[in-house]
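Chains as they are written, first to last, in the working numbering: chain Z, 1 to 157; chain Y, 1001 to 1430.
If you are wondering where the hints come from, they were derived from the structure by calculation, not from laboratory data.
One or more of the hints may lead you astray.
For lysine-lysine, the following DSSO-like pairs were computed, each having C-alpha atoms within a straight-line distance of at most 30 Å [claimed, not checked]:
| hint | chain 1 | residue 1 | chain 2 | residue 2 |
| --- | --- | --- | --- | --- |
| 1 | Z | Lys-148 | Y | Lys-1127 |
| 2 | Y | Lys-1127 | Z | Lys-107 |
| 3 | Z | Lys-35 | Y | Lys-1127 |
| 4 | Y | Lys-1117 | Y | Lys-1070 |
| 5 | Z | Lys-107 | Y | Lys-1128 |
| 6 | Z | Lys-65 | Y | Lys-1202 |
| 7 | Y | Lys-1357 | Y | Lys-1385 |
| 8 | Z | Lys-17 | Y | Lys-1385 |
| 9 | Z | Lys-11 | Y | Lys-1116 |
| 10 | Z | Lys-148 | Y | Lys-1248 |
| 11 | Z | Lys-148 | Y | Lys-1013 |
| 12 | Z | Lys-65 | Y | Lys-1383 |
| 13 | Z | Lys-65 | Y | Lys-1116 |
| 14 | Y | Lys-1421 | Y | Lys-1357 |
| 15 | Y | Lys-1148 | Z | Lys-11 |
| 16 | Y | Lys-1248 | Z | Lys-11 |
| 17 | Y | Lys-1148 | Y | Lys-1233 |
| 18 | Z | Lys-11 | Z | Lys-35 |
| 19 | Y | Lys-1117 | Z | Lys-11 |
| 20 | Z | Lys-65 | Y | Lys-1128 |
Note that this is a predicted model, so its numbers are computed, not measured.
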Amino acid sequence: MFQLSEEGLQKVQTELKRYESRQSAVIPALYIAQKENGGHVTSEVIDHLSQVMDIPVSRINEVFKFYTMFNQKNVGKYHVQICNNISCVLNGSRELTQHILESFHCKLNDMTLDGKLTVSSVECLGACGMAPMMQINEDYHENLTPEKAVEILKGLK
Amino acid sequence: MKEVQLLTEHYSKPEYRTLKGYQQWGGYETLKKALKMPPQQIIDEVKNSGLRGRGGAGFPTGMKWGFLPKNGEPRFLLCNGDEGEPGTFKDRIIFEQAPHQLIEGMIISGFAIGSKKGYIYIRGEYKKPAAIIEAALGEAYEVGLLGKNILGTGIDFDLDVYWGAGAYICGEETGMISSLEGDKGQPKLKPPFPAVQGYLKKPTIVNNVETLAAVVPIIRDGATAYRQFGTEKSPGTKLFSLSGNVNKPGNYEVSLGTPLKDLIYDFGGGIKGDRQLKAVIPGGSSAPVLTADEVLKANLDYESLAGLGTMLGSGAVIVIDDSQCMVDLLGVLTHFYSHESCGQCTPCREGTGWLNKIVHSILEGRGRLQDIELLEKVAHQMKGKTICALSDAAALPVISFITKFRDEFEFYVREGRSKVKGISHAKMHH
């Protein structure tokens, strides 16, 4: 059974008091719980949040399903998100994506066997002038070439 | 050609993002001036400056503020930092390089409209920009620039950050309000407009990051000084995010009314490699595309671009060279809009999906000539029929791409491959 840590619980309680309405704490709470659950959210996580926040499961679930930053399935230790919107495509992001997938023998959105990488193709991340780019977990890597990107990924522990 | 730096004069200085550095260059002096002015005078100054919303819609800011009820009901000031319009990365530099300018602009604006509470809604992926803003908020609270009794004036204003979680639609102001309320980011039917019934049904003003930052130079120098830049109907300066096939992509602050070609060839250093200009999307991916000939006639202001059937939008200028296939690029855009439709209104939910399927059937070599007409028909039926503008934003690129580059679409259908690249793009679209 998923349970928030003592610290996570504290954080959720703080969020519940932070805004004018308790419902506003759902998005921050999902972030907190996703992190503690190793990078994705399950129905157990939602049930637990519903209990500790006293907000119906359905209300949390619809929010969880709406936003792309909440993962519905497990992702690798490093979630690599490559922007493939227009400015990045104009600067070779698809070739970069292909090169990464081939180098690590993986498919989009499928975690590598060692659990290290999940490579996703995503929409505009606001780095259009520094295209192509990828986001590894929380960090942006910009002005990439296919070779540079693979080198960065190979350097991950 | 020179940049006009009303906003960005000090952005290149690393210390500008700290309170001390910001104050060293005159930071928060405008706030002190503003807190001595009657609030209505600040609103009038913003009205007279002609400042228009810098997020995309270009609605006059002072007029928006004027829609608030006159009585003393609690009201909120929300900063829209959900920057997500493809091609746009300008609010990010304000967060990263001038967080205190945004905060100063928000305190002044909050005081002007009688708000005691504001939020900065920032897109979830902007972790580093958010951390910089949060650090700046901490500094401002510490010295009494935020909170109760600001600088001993008896005026209160609290400011907090709220993180989005990955949804383009939250850049739409009522979608953003839904998200801040802890719901799916689905837009709300207007009227009532947020100024009357917004966040938690209270009067609410939603302004873009750049709009709120621009309040600082307007109040500092006055509306007349601001109007020395730009055109009659598009006064002042604006940040333009230049991207695509150019030598020097980046953010440039220029006077509104500057020729589009100057941005591309002078600031941007022209087209990359030995390529020629083919097309430009002048205001973010939702803006109808311009041909190379039209680019020569276009100025970067609201009226010039409207006259060419497109829009200034968020100021994201996407440059496309002659090696690019327009059918392929339209496939990128239709995929984006079908992914980002919130699903609330049928014409948008179904329409964006169908546009994407039809364009991709062409890209996969399964297109029929009547599919081109079908695309146009579906796109026209999506316009003006939904709660928010996403449906129109998805339709406009389709119509403009086909109208202006019809030969490329017809070639692709007939030959099953790109007229420009000679290949099929079937495998390139994820």
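These are the hints, each one checked on the structure:
1. Restraint check: the Cα-Cα separation between Lys-148/Z and Lys-1127/Y comes to about 23 Å, which is no more than 30 Å; the hinted pair holds.
2. At most 30 Å may separate the alpha-carbon atoms for a hinted pair to count; Lys-1127/Y and Lys-107/Z meet this at roughly 27 Å.
3. This hinted pair checks out: Lys-35/Z and Lys-1127/Y have alpha carbons roughly 15 Å apart, not beyond 30 Å.
4. Taken as a hint, the Lys-1117/Y and Lys-1070/Y pair is honoured in the structure, with Cα atoms around 17 Å apart against an allowance of 30 Å.
5. A threshold of 30 Å between alpha carbons decides the hint, and for Lys-107/Z with Lys-1128/Y the separation of about 29 Å falls inside it, so the pair holds.
6. At most 30 Å may separate the alpha-carbon atoms for a hinted pair to count; Lys-65/Z and Lys-1202/Y meet this at roughly 27 Å.
7. Between Lys-1357/Y and Lys-1385/Y the CA atoms are separated by roughly 21 Å; this keeps the pair inside 30 Å, and the hint holds.
8. Restraint check for Lys-17/Z and Lys-1385/Y: the C-alpha separation of about 39 Å exceeds 30 Å, so the hint is violated.
9. The suggested pairing of Lys-11/Z with Lys-1116/Y holds, with an alpha-carbon distance near 25 Å, which does not exceed 30 Å.
10. The suggested pairing of Lys-148/Z with Lys-1248/Y holds, with an alpha-carbon distance near 20 Å, which does not exceed 30 Å.
11. The hinted pair formed by Lys-148/Z and Lys-1013/Y meets the criterion: a straight-line CA distance of about 29 Å does not exceed 30 Å.
12. The hinted pair formed by Lys-65/Z and Lys-1383/Y meets the criterion: a straight-line CA distance of about 27 Å does not exceed 30 Å.
13. A C-alpha spacing of about 33 Å is found between Lys-65/Z and Lys-1116/Y, which places the hinted pair above 30 Å, so the restraint is violated.
14. For the hint pairing Lys-1421/Y with Lys-1357/Y, the CA-to-CA distance comes to about 21 Å; that is within 30 Å, so the pair holds.
15. Distance hint between Lys-1148/Y and Lys-11/Z is fulfilled; the C-alpha atoms sit about 25 Å from each other, no more than 30 Å.
16. Distance restraint check for Lys-1248/Y and Lys-11/Z: the Cα-Cα separation of roughly 43 Å exceeds the 30 Å cut-off, and the hinted pair is therefore not satisfied.
17. Among the hinted pairs, Lys-1148/Y with Lys-1233/Y is inconsistent with the structure: their alpha-carbon atoms are about 39 Å apart, more than 30 Å.
18. For the proposed pair Lys-11/Z and Lys-35/Z, the alpha carbon gap of about 12 Å is at most 30 Å, so the pair holds.
19. Only pairs whose Cα atoms come within 30 Å are accepted, and Lys-1117/Y paired with Lys-11/Z is accepted, the gap being roughly 22 Å.
20. A C-alpha spacing of about 25 Å is found between Lys-65/Z and Lys-1128/Y, which places the hinted pair at or below 30 Å, so the restraint holds.
Comparing the model with each numbered hint stated earlier shows that hints 8, 13, 16, 17 do not hold.
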